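Build the full structure now, drawing on both the sequences and the hints.
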Amino acid sequence: MPKVLRDIWIVFQRHILLMVRKPLWIFLGVAQPVVYLALFAPLLKPALASLGADSMSAAYRIYVPGMLVALALGAGLYSGFGLLEELASGVIERLQVTPVSRVALLLGRALRDVVMLMVQAAIIIVLSLPLGLFVKVSDLLLAYVTLALITLTAASFSYGISIKVSDPNVLGQLVNNVAQPVMLLSGTLLPIALAPLWLRRAADWNPFDWAVNGMRALFAGHGGAPQVWQGIAIMAGFSVVVVAWSARQFAKAVR
Amino acid sequence: MSAQGAVVIEAKGLRKSFRTRKRRKTTTVEAVVGIDLHVAAGEIFGFLGPNGAGKTTTLRMFATLLPPDDGEARIAGADLRTEPEAVRRSIGYIAQGGGTWNEATAREELVFQARIHGIGKSQAQARAATAVDAFDLADYADRNCKTYSGGQRRRVDIALGVVHDPRVVFLDEPTVGLDPHSRVHMWQAVRRLRADGMTVFLTTHYLDEADALCDRIAIIDHGEIVAEGTPAELKREVSGDVITVDFAEGEDTGAQDGATVAETARKAVEILVAEPYLRSAEAREGGGVRLTVDTGKAAIPRILRTLENAGLEPATLELHRPTLDDVFLAKTGRSLHED
Numbered sequence: 001m002p003k004v005l006r007d008i009w010i011v012f013q014r015h016i017l018l019m020v021r022k023p024l025w026i027f028l029g030v031a032q033p034v035v036y037l038a039l040f041a042p043l044l045k046p047a048l049a050s051l052g053a054d055s056m057s058a059a060y061r062i063y064v065p066g067m068l069v070a071l072a073l074g075a076g077l078y079s080g081f082g083l084l085e086e087l088a089s090g091v092i093e094r095l096q097v098t099p100v101s102r103v104a105l106l107l108g109r110a111l112r113d114v115v116m117l118m119v120q121a122a123i124i125i126v127l128s129l130p131l132g133l134f135v136k137v138s139d140l141l142l143a144y145v146t147l148a149l150i151t152l153t154a155a156s157f158s159y160g161i162s163i164k165v166s167d168p169n170v171l172g173q174l175v176n177n178v179a180q181p182v183m184l185l186s187g188t189l190l191p192i193a194l195a196p197l198w199l200r201r202a203a204d205w206n207p208f209d210w211a212v213n214g215m216r217a218l219f220a221g222h223g224g225a226p227q228v229w230q231g232i233a234i235m236a237g238f239s240v241v242v243v244a245w246s247a248r249q250f251a252k253a254v255r
Numbered sequence: 001m002s003a004q005g006a007v008v009i010e011a012k013g014l015r016k017s018f019r020t021r022k023r024r025k026t027t028t029v030e031a032v033v034g035i036d037l038h039v040a041a042g043e044i045f046g047f048l049g050p051n052g053a054g055k056t057t058t059l060r061m062f063a064t065l066l067p068p069d070d071g072e073a074r075i076a077g078a079d080l081r082t083e084p085e086a087v088r089r090s091i092g093y094i095a096q097g098g099g100t101w102n103e104a105t106a107r108e109e110l111v112f113q114a115r116i117h118g119i120g121k122s123q124a125q126a127r128a129a130t131a132v133d134a135f136d137l138a139d140y141a142d143r144n145c146k147t148y149s150g151g152q153r154r155r156v157d158i159a160l161g162v163v164h165d166p167r168v169v170f171l172d173e174p175t176v177g178l179d180p181h182s183r184v185h186m187w188q189a190v191r192r193l194r195a196d197g198m199t200v201f202l203t204t205h206y207l208d209e210a211d212a213l214c215d216r217i218a219i220i221d222h223g224e225i226v227a228e229g230t231p232a233e234l235k236r237e238v239s240g241d242v243i244t245v246d247f248a249e250g251e252d253t254g255a256q257d258g259a260t261v262a263e264t265a266r267k268a269v270e271i272l273v274a275e276p277y278l279r280s281a282e283a284r285e286g287g288g289v290r291l292t293v294d295t296g297k298a299a300i301p302r303i304l305r306t307l308e309n310a311g312l313e314p315a316t317l318e319l320h321r322p323t324l325d326d327v328f329l330a331k332t333g334r335s336l337h338e339d
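Here the protein sequences line up with chains V and D, keeping their order.
For the first sequence, this note's numbering begins at 1 and goes up steadily by one.
For the second sequence, this note's numbering begins at 1 and goes up steadily by one.
Do not rely on the hints blindly, as some may be mistaken.
Restraint ranges, calculated between C-beta atoms of paired labels, are given here [to be verified]:
id, chain 1, residue 1, chain 2, residue 2, range
1, V, A244, D, D36, 40 to 48 angstroms
2, D, T20, V, E85, 24 to 32 angstroms
3, D, G177, V, N176, 31 to 39 angstroms
4, D, S17, V, V126, 55 to 63 angstroms
5, V, N176, D, R21, 23 to 31 angstroms
6, D, T244, V, E85, 53 to 61 angstroms
7, V, P2, D, A138, 32 to 40 angstroms
Heads up, simulated EDC-like pairs for lysine to aspartate or glutamate below, C-alpha to C-alpha not over 20 angstroms straight-line [stated by the list, open to error]:
id, chain 1, residue 1, chain 2, residue 2
8, D, K146, V, D167
9, V, K252, D, E83
10, V, K3, D, E83
11, V, K22, D, E103
12, D, K146, V, E86
13, V, K22, D, D142
14, V, K3, D, E85
15, V, K252, D, D69
16, D, K22, V, D167
17, V, K22, D, E108
18, D, K331, D, D142
19, D, K146, V, E93
20, V, K252, D, E85
Partner residues aside, some chain V positions facing chain D, computed with beta carbon under 7 angstroms [to be verified]:
id, residue
21, R21
22, K22
23, S89
24, V91
25, V97
26, P99
27, V100
Don't read these hints as lab results, they were simulated from the structure.
All figures in this text were calculated on a predicted structure; none of them were measured in a lab.
Idealized CB from N, CA, C, for every residue including glycine.
Written out as structure tokens, the structure is:
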């Protein structure tokens, strides 16, 4: 096995172990979306009517995929705080003096975030089933691919910023300032279709908006719709750019 | 430098400065202003100096964590600037604060650390088991790291730093903040590294640690090495051993009746000053004689014989060996623990 893959695997395993030791975070992360699911979605039914939601079940099919994207984005963007803790504890410095691949330090972590998001998404989807959500397994797999790419991108961005600035205050501010417009401009919770034209044109430049459209098509049962492959392709391209940028920050900071 | 040992750490003109900006004013702090040193294979080499002297900065440069501004160094044959990867393969580095994941056990950490050094899984497990025995971690190796005491944590740090069997180990302040018992335990662990064939480079600001643990030391102050040698050499170089001799008043002096203590002392100096093994002899204010010699233990019987032959009988005789603090004082003009 090439060294970099082996290193990614070893770092990934370590972070999965740490995640399993502290499972509370998985459930804390999922608590807010579950509350949203129970309380907000019913309120949104009239609002979502413009997107063709004529029943509760239809409302969930629009609402749940958006919420999953919001969860993936949020979880990913905030994951840098974990890295800051490791920087402060000296673990990163310990690894820095070893020949471990610097890309592995990034991807081993980011892939753990992807796995965590998969678990959280599964919880939300299962809880949504009795509410009338229905999704085909093949569509669900494509939805998971989209979510994985979103998490990978958001987490890599957050890690890149963290390793560059290594200051929780800066990270917090930056993440907030990035997360708000990105979520708004991708119609995760409030559909962008309700927005004025200029806002919709702005959203066209947001890769996450394409991902949300793909997700909604999948949950609506249109696995073959062009939005699906467009969303995945755009997210894949964007994730490559962000991971490459972040890997550069790691290589520079963890020389 | 021991004759048989090859040089494993070699530095020439190593420099590092830091720029700090405060309210648009840039100030440059010269942390290390030119370090030259050689460390031979199998040595415990100590870097002794006060806080802020540049010890940790130098250590971090050697450990590939900080790029030097100038100068060069070779660690285990690899060039620090051009082959950091090769340096990393032959070194272990144990930072002052250590660094472990709270939710992992020492054994898991050891296996992980061995594996990222490229060691296969079963081999890594075997190494972890060996380290657990060697560093006496068995009682707690399977508990999460967050439950460890300071001394336990420090031993885990060391074990993690050497689990891949490096040629050179860098240890930053190995015993800072430890209780006396853990400290002795730690020293044993460091000596074991030497016994296993590793070269140890450590920093310390404890005089007794440098004295008891290190084969050779370099004293660093304001980013420069001001003295280098074995602890015994350094002490000898500075002052040699000091012997003070006191005489009792009255009959016991053995001198002529009525001689005062001061007179006896003067007489003793007159007799002793010609002795070839003495560096200096002087009468002290208030009586008594102060002698400096190269090796006190050998000089004492000869001094006694000389005085006896002259009919003088000392009441007390005391040997003071210089400490590293005397050396530090002589080299830098201040005591190590003043600040």
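Practice task
Starting from the hint list further up, note which numbers the structure goes against and sort them upward.
Solution key: 8 and 18
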